[in-house]
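Asker: Based on the sequences and whatever the hints tell you, model everything.
Quick mapping for you: the protein sequence lines, in order, are chains U and D. If you use this note's numbering, the first sequence closes out at 250, no skipped numbers anywhere. If you use this note's numbering, the second sequence closes out at 1223, no skipped numbers anywhere.
Rather than coming from a laboratory, the hints here were simulated on the basis of the structure. Here the structure is a predicted model, which means the values were calculated and not measured. Glycine residues also receive a C-beta, built at the ideal position from the N, C-alpha and C atoms. Treat the hints with care, since some could be wrong.
As a list, the in silico SDA-like pairs of lysine to any residue whose alpha-carbon atoms are at most 25 Å apart [said to hold, decoys possible]:
| hint | chain 1 | residue 1 | chain 2 | residue 2 |
| --- | --- | --- | --- | --- |
| 1 | U | Lys222 | U | Lys115 |
| 2 | D | Lys1050 | D | Arg1102 |
| 3 | U | Lys235 | D | Ile1002 |
| 4 | D | Lys1085 | D | Glu1049 |
| 5 | D | Lys1013 | U | Ala237 |
| 6 | U | Lys7 | U | His238 |
| 7 | U | Lys230 | D | Arg1078 |
| 8 | U | Lys194 | U | Leu66 |
| 9 | U | Lys230 | D | His1218 |
| 10 | U | Lys230 | D | Tyr1070 |
| 11 | U | Lys235 | D | Asn1075 |
Which bits of chain U does chain D cover? Going by a derived footprint, with three or more residues having C-beta under 8 Å, they are [stated by the list, open to error]:
| hint | segment |
| --- | --- |
| 12 | 201-210 |
| 13 | 233-240 |
| 14 | 243-249 |
Residues per chain, in single letters:
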Amino acid sequence: MNQLIAKNINVWYGDNHALQDVSMIIDPFQVTALIGPSGCGKSTFLRLFNRMNDYIENFRMEGEILINDINIYDPVVNTEELRKKVGMVFQKPNPFPSSIYENVAFGMRIQGMNKKSELDEVVETSLKKAVLWDEVKDSLKKPAFSLSGGQQQRLCIARTLAVEPEVILMDEPASALDPISTSKLENLIFELKKSYTIVIVTHNMQQAGRISDKTAFFYMGKLIEYDTTKRMFLKPAHLQTQNYITGRFG
Amino acid sequence: MIPQIEIELANLKSSIIELANLVLLQLDKSGDALNNADVDLANEVIRYEKRINGLEVNIEKACENILALYNPVANDLRFVLSTLKININLERIGDYARSIARIVKRSEQPFKHDLISMLNINHMYVTCHIMLLTTLEAMENDTGEIALRTIFVKDDILNKIQDDAIQLISRHLQDNPADVDACLNLYVVVRKLERVGDHIKNIAEEIIFHKEARILRHKKHKK
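Answerer: Right, dumping it as C-alpha cells:
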C-alpha cells in the first residue's frame, strides 16, 4: 500500500548525469527525508514521483518508479490522475490569487464538483487536517494572500489534501517560515503521516532528525546512505554522511 | 575554513585531556605522599583539588554550550556525551587522591612500608597509573577497544587486591594489635584505589561509546 519504489534510476539534464543508479524503497505511512548538499539530486529524485521533471528541458530518465506496483512512467499513465494521488508542497507557499475557500475548493472544482454543500465539507475537512480551520473559519472569503507565510503554507497543504492524495511530496516546505510556523508545520507532518506517505527534502538537519522515520543522503547524484533516521544521526555507516550531517562539508 | 564546531570540539578535547593529566598527577602525588609521609606534598594535592573542580565545571559548561549552540550529531554528539561522563569520573578520581592526601596529613606517624607492601598498595597505584594512562592515550589518539580492554583486566586485579586486604589485615592484627589505626587507614586507601579503578573503567567504556557507538555499561566485558 502506497509503497514507492525507485529501481535503478538514472537521470540526465542534457549531459549532466543528475542521478546515478539510485534504487530505494520508501515505506508507506512514514516520513522519509532526503538530505544532501545543493545540486546532489535530492529534489530531482523527489520530483520523479509526480513527474514534475517532465517539464524540464533536456530531462531524460532511465529506470522505473513504481507506486502501488504501477510504473508511473508508463505511457498509459495519466499524469493528472497521478498528481492527484501524489500531491506536492513547495518551498515557497504558492496560494492562488483567490479566497481561502476557493484555494482549497480549486482541485475539486476542476474535477467537476460544484455542489456547495459537498465543497463546504471538503474545504472544512481539509483545513481541519491542515490544522488551519480554527484560524480561518471566520474569514474563508478573505484573500489567501492576507494569511501569514506559515498559514499560506498550511493552506497549500489543505489544497493538496482536498483531492485526497496518497502521497505528499514536500520540497523544503519550512525553509521560508519562522520558527513558530515551522514547529506547527512539523507537528502537522507528524499527524499527516498516519494517513499519508510523506517524502520531504530538507536542508535543515535538525528538522530531518525531528520529523522523519528514514533518511536518505544524496551526494553528487548518488544515494550514499539510506537508513532509519536514528541510525543516520547517531552512527552513520559512511564517512561522507557523517561529514555532511556534522557540517564538515556541503 | 574550519567549522566553528570543530574548533569548539578541539578545545573541549584539550580541556578533558588537561583534566585527565592533572588527575593522573594528583593520584601519583598522593601515592608519593603516602609512601614518604610527605605532608607538604599531601597539602599540595589538597590545594590542587580546587583546580580540578574548576576545570570540571568549565568542561561541563563547554559541553552545555556545544549542545545548545551547535546541535552536534553522530560522532560529535557521542564525543560531547562521553566527555560529560568522563569529566564526572575524573573529578571523582581527583576526590579520592585528595582523600588519601588527607589520610597522610592526619596520620600522626608514617605508615610502615611493610604494611603498605603487604596490602599491595603500590601495586594498586601502578595499576591505576597504567589504566589512566591508557585511557589518556585513547582520548588523545584513535586507540580502539583492544587497548582499552586491558583496563577491564586490570580493574579485576584491583578488585582482587581489595578482596584479599581484609584477610591480610585481620591476620596481621592478631600478632600486631598496635597497628590497628594504620591498618584501618590503609584499608581506606585500598578501598579508594579500588574505586579509582572503577571510575577508570567507566571512562574506558565512555571512550568506546564515543568511538564505536556501543554502550558497554552493565555488560560483562570481553577480556
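Asker: Work down the list of hints and note, for each, if the structure agrees.
Answerer: Going through the hints against the structure:
1. Lys222/U to Lys115/U: violated (48 Å)
2. Lys1050/D to Arg1102/D: holds (14 Å)
3. Lys235/U to Ile1002/D: holds (22 Å)
4. Lys1085/D to Glu1049/D: holds (19 Å)
5. Lys1013/D to Ala237/U: Holds, at about 24 Å.
6. Lys7/U to His238/U: holds (22 Å)
7. Lys230/U to Arg1078/D: holds (13 Å)
8. Lys194/U to Leu66/U: holds (21 Å)
9. Lys230/U to His1218/D: holds (23 Å)
10. Lys230/U to Tyr1070/D: Satisfied, since the Cα-Cα distance of roughly 18 Å is no more than 25 Å.
11. Lys235/U to Asn1075/D: Roughly 7 Å separates the two Cα atoms, so the pair holds.
12. 201-210: holds (count 3)
13. 233-240: Since three or more residues must qualify, the claim that chain D covers the segment 233-240 of chain U holds, with 4 doing so at under 8 Å.
14. 243-249: holds (count 4)
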